[in-house]
Amino acid sequence: MEIKILQKVLQANDALAEQTRQYFKSKGILVINLMGSPGAGKTTFISRTIEALKGEINFAVIEGDITSTIDAERLSRLGIPVVQINTEPFDGACHLEATWIKDAALSFDLQNLDVIIIENVGNLVCPAEFDTGAHKNVVILSTPEGEDKPLKYPLMFRVSHAVVINKIDLREILDYNLEVINQNLTTVNDALERFILTSKTGEGFSHWIDWVRNQLKIIRD
Amino acid sequence: MHELAIAKNIMDIVQEHIPAQGDTVTIVRLTLGKMSGVVPEALQFCFENMIPGTPLEGAKLAIEEVPARAFCMECQREFEIETVSFLCPFCNSPSIKLLSGREMLVNSIEIEEK
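Order-wise, the sequence lines are chains A and B. Just so we're aligned: the first sequence equals residues 0 to 220 in numbering that gives the first Met the number 0. Just so we're aligned: the second sequence equals residues 0 to 113 in numbering that gives the first Met the number 0.
Careful: at least some of the hints might be erroneous.
To be verified - Simulated crosslink set (DMTMM-like; lysine to aspartate or glutamate; CA at most 25 Å straight-line):
no.: 1; chain 1: B; residue 1: Lys59; chain 2: A; residue 2: Asp90
no.: 2; chain 1: B; residue 1: Lys7; chain 2: A; residue 2: Glu50
no.: 3; chain 1: A; residue 1: Lys199; chain 2: A; residue 2: Glu87
no.: 4; chain 1: A; residue 1: Lys7; chain 2: B; residue 2: Glu81
no.: 5; chain 1: B; residue 1: Lys7; chain 2: A; residue 2: Glu17
no.: 6; chain 1: B; residue 1: Lys96; chain 2: A; residue 2: Glu192
no.: 7; chain 1: A; residue 1: Lys7; chain 2: B; residue 2: Glu79
no.: 8; chain 1: A; residue 1: Lys3; chain 2: B; residue 2: Asp11
no.: 9; chain 1: A; residue 1: Lys3; chain 2: B; residue 2: Glu111
no.: 10; chain 1: A; residue 1: Lys3; chain 2: B; residue 2: Glu63
What the hints assert, rightly or not - Here are some of the chain A residues that sit facing chain B, going by a computed Cβ distance under 7 Å:
no.: 11; residue: Lys3
no.: 12; residue: Ile4
no.: 13; residue: Val8
no.: 14; residue: Pro88
no.: 15; residue: Asp90
no.: 16; residue: Cys125
no.: 17; residue: Ala127
no.: 18; residue: Leu150
no.: 19; residue: Pro153
no.: 20; residue: Leu154
no.: 21; residue: Thr186
no.: 22; residue: Val187
no.: 23; residue: Asp189
no.: 24; residue: Leu191
Stated by the list, open to error - Computed footprint of chain A on chain B, listed as stretches where at least three residues anywhere in the stretch have a Cβ under 8 Å from a Cβ of chain A:
no.: 25; stretch: 8 to 16
no.: 26; stretch: 51 to 63
no.: 27; stretch: 83 to 94
Simulated from the structure, these hints should not be mistaken for lab results. From a predicted model like this one, the values you see are computed outputs, not experimental measurements. Positions of the beta carbon are idealized from the N, C-alpha and C atoms, including for glycine.
Please construct the entire structure, taking both the sequences and the accompanying hints into account.
What follows is the structure in structure tokens.
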């Protein structure tokens with residue numbers, strides 16, 4: 000006997016993600032999901048962003064890692080609320096799912112919060128598949144990873160709203176070609192907002208910081 | 000290996016649809032878009048390793064792949080995305096609308112009644 004089902008495999012996750020997105024919008028809190036390879040510089044980039052907006056925007060961070068609390072410890076030195084999600088008990092998942100994000104986000108004191116940043120598990124494949132409930136997906140690429148990543152991981156660049164090219168201070172040493180990366184980004188997703196910067200010195204950050212301010216404004220309008 | 004989480008989601012959906020206790024599932028039909036980001040072989044492997052001891056034991060996972068198709072907003076033509084380029088192959092425009100390719104759907108199941 001055949002039974003028709005016609006149900007999306009990730010329907011449960013997608014529905015919960017949509018609820019989370021609506022809920023945080025109603026609270027005037029912007030949720031950003033930051034994705035990128037291990038070593039792209041996600042944690043340092045988050046640190047620099049939080050420091051640049053200190054006194055103006057209150058942040059909280061959800062840290063996703065398979066194991067360890069190294070990143071959470073680094074970020075809590077900034078005096079902000081941080082929750083670590085370890086995916087080890089969930090089959091060592093290489094991504095974060097909407098239900099874990101919702102629980103983690105609701106553990107913050109939402110009264111004094113403006114922006115929640117999710118640092119997803121370092122990976123350009125799996126996190127692209129699972130909607131976290133964030134309002135904006137941002138992918139960070141560092142110059143040592145080369146210019147070809149958008150072509151190798153198109154889904155990640157298709158689901159993202161913005162891309163950060165990090166470690167641009169290494170551009171000359173690596174012969175990094177900005178024209179090629181720009182062309183590859185256009186080929187995969189022309190609508191991507193692009194930021195070229197380095198977290199080491201803060202060069203190029205002002206454009207990104209303005210974007211964060213603006214996204215928060217949009218959520219609250 | 001997010002295929003493990005995907006296989007688990009498939010199993011949960013299938014188990015919710017088994018009509019009566021003791022019924023077993025012989026086939027699970029899945030629709031998978033070319034752009035879904037799922038490796039069919041990895042999904043098969045995870046599925047096969049998960050089903051023993053459940054009503055799905057021995058079930059076949061039949062995957063139907065759907066090509067990625069898009070529509071160009073500029074020149075109004077439809078095309079298949081075969082490479083990683085999301086530009087229109089006719090006019091090179093980046094304003095395209097994806098028509099298919101991201102599907103990940105439990106289509107139907109075949110049940111053997113007790």
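Structure-based check of all given hints:
no.: 1; hint: B:Lys59 - A:Asp90; verdict: 23 Å, holds
no.: 2; hint: B:Lys7 - A:Glu50; verdict: 40 Å, violated
no.: 3; hint: A:Lys199 - A:Glu87; verdict: 31 Å, violated
no.: 4; hint: A:Lys7 - B:Glu81; verdict: 24 Å, holds
no.: 5; hint: B:Lys7 - A:Glu17; verdict: 21 Å, holds
no.: 6; hint: B:Lys96 - A:Glu192; verdict: 18 Å, holds
no.: 7; hint: A:Lys7 - B:Glu79; verdict: 23 Å, holds
no.: 8; hint: A:Lys3 - B:Asp11; verdict: 15 Å, holds
no.: 9; hint: A:Lys3 - B:Glu111; verdict: 14 Å, holds
no.: 10; hint: A:Lys3 - B:Glu63; verdict: 15 Å, holds
no.: 11; hint: Lys3; verdict: 5 Å, holds
no.: 12; hint: Ile4; verdict: 5 Å, holds
no.: 13; hint: Val8; verdict: 4 Å, holds
no.: 14; hint: Pro88; verdict: 13 Å, violated
no.: 15; hint: Asp90; verdict: 5 Å, holds
no.: 16; hint: Cys125; verdict: 4 Å, holds
no.: 17; hint: Ala127; verdict: 6 Å, holds
no.: 18; hint: Leu150; verdict: 5 Å, holds
no.: 19; hint: Pro153; verdict: 5 Å, holds
no.: 20; hint: Leu154; verdict: 5 Å, holds
no.: 21; hint: Thr186; verdict: 5 Å, holds
no.: 22; hint: Val187; verdict: 6 Å, holds
no.: 23; hint: Asp189; verdict: 3 Å, holds
no.: 24; hint: Leu191; verdict: 10 Å, violated
no.: 25; hint: 8 to 16; verdict: holds (count 6)
no.: 26; hint: 51 to 63; verdict: violated (count 0)
no.: 27; hint: 83 to 94; verdict: holds (count 6)
Checked against the numbered hints given earlier, the structure breaks hints 2, 3, 14, 24, 26 and satisfies all the rest.
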